[in-house]
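A.B. asks: This is what each chain is made of:
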Amino acid sequence: KAGVTQTPRYLIKTRGQQVTLSCSPISGHRSVSWYQQTPGQGLQFLFEYFSETQRNKGNFPGRFSGRQFSNSRSEMNVSTLELGDSALYLCASSPSTSGVQETQYFGPGTRLLVL
Amino acid sequence: DQQVKQNSPSLSVQEGRISILNCDYTNSMFDYFLWYKKYPAEGPTFLISISSIKDKNEDGRFTVFLNKSAKHLSLHIVPSQPGDSAVYFCAASALRSQGNLIFGKGTKLSVKP
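Quick note, the sequences are listed as chains A and B, same order.
For the first sequence, this note's numbering assigns the number 1 to the initial residue and increments by one for each residue that follows.
For the second sequence, this note's numbering assigns the number 1001 to the initial residue and increments by one for each residue that follows.
Isolated chain A, as found in the complex:
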């Protein structure tokens, strides 16, 4: 099976702009989670989508949003970019069988630089 794919791999934006990142999960996986990795804060959970619905949300401002499509592909959007949004954004997918804890598999990430 192909792994989790993320596009684009690298992105440079300026403050105030908005950005959309895309994630295609492993075939058959229904849950997609997004994480932000920065040197200071480490890996932090943004949100998780399952069946086109946001099921869990981390502690990030409303400028960070996401959505999931019927084919389980997901996008995340960051509006009004700030310098501190520069980070590696990671997407992970899992089968998400009800009531069972399952492993999340990560994509390669999108490196966002805000100037």
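The set of hints was computed from the structure by calculation and includes no laboratory data.
Be a bit skeptical, because a hint or two may be false.
[Said to hold, decoys possible] As a list, the in silico BS3-like pairs of lysine-lysine whose alpha-carbon atoms are at most 27 angstroms apart:
1. Lys1054(B) <-> Lys1068(B)
2. Lys1071(B) <-> Lys57(A)
3. Lys57(A) <-> Lys1005(B)
4. Lys1054(B) <-> Lys1112(B)
5. Lys1056(B) <-> Lys57(A)
Could you slot chain B onto chain A? The hints should help.
C.D. replies: Structure of chain B alone, referenced to chain A:
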């Protein structure tokens, strides 16, 4: 407050010896624990996991031990190889917040030939 802690930022071991990476957690609701390996500018690669109903899980050179009473888990790599050099992250989740992994800050492992 950090719910998952990896207190050793770095660890250096000799090739062929055992590497032991440690992780502590505070949230008693966590019931699933994972270890990931990560290289710079890449996504984490899953290594091994353990459910809270077990105290040990083994996969090849990797063994994870869970001590629920101490809220502690460890990853053993035997024998260590230079290719194991990377940052290792411990992560935990609770079933009621499925999809949300809480990560430690990571331990950088260096395996010297």
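A.B. asks: Do the alpha carbons of Lys1054(B) and Lys1068(B) lie within 27 angstroms of each other, as the hint requires?
C.D. replies: holds, 9 angstroms
A.B. asks: Hey, Lys1056(B) versus Lys57(A), does the alpha-carbon distance stay inside 27 angstroms?
C.D. replies: violated, 31 angstroms
A.B. asks: For a C-alpha distance cap of 27 angstroms, please report whether Lys1071(B) and Lys57(A) respect it.
C.D. replies: holds, 25 angstroms
A.B. asks: Is the Cα-Cα distance between Lys1054(B) and Lys1112(B) 27 angstroms or less?
C.D. replies: violated, 32 angstroms
A.B. asks: Given the proposed pairing of Lys57(A) with Lys1005(B), does the C-alpha separation stay at or below 27 angstroms?
C.D. replies: holds, 21 angstroms
In terms of the numbered hints stated before, the structure departs from hints 4, 5, listed from lowest to highest.
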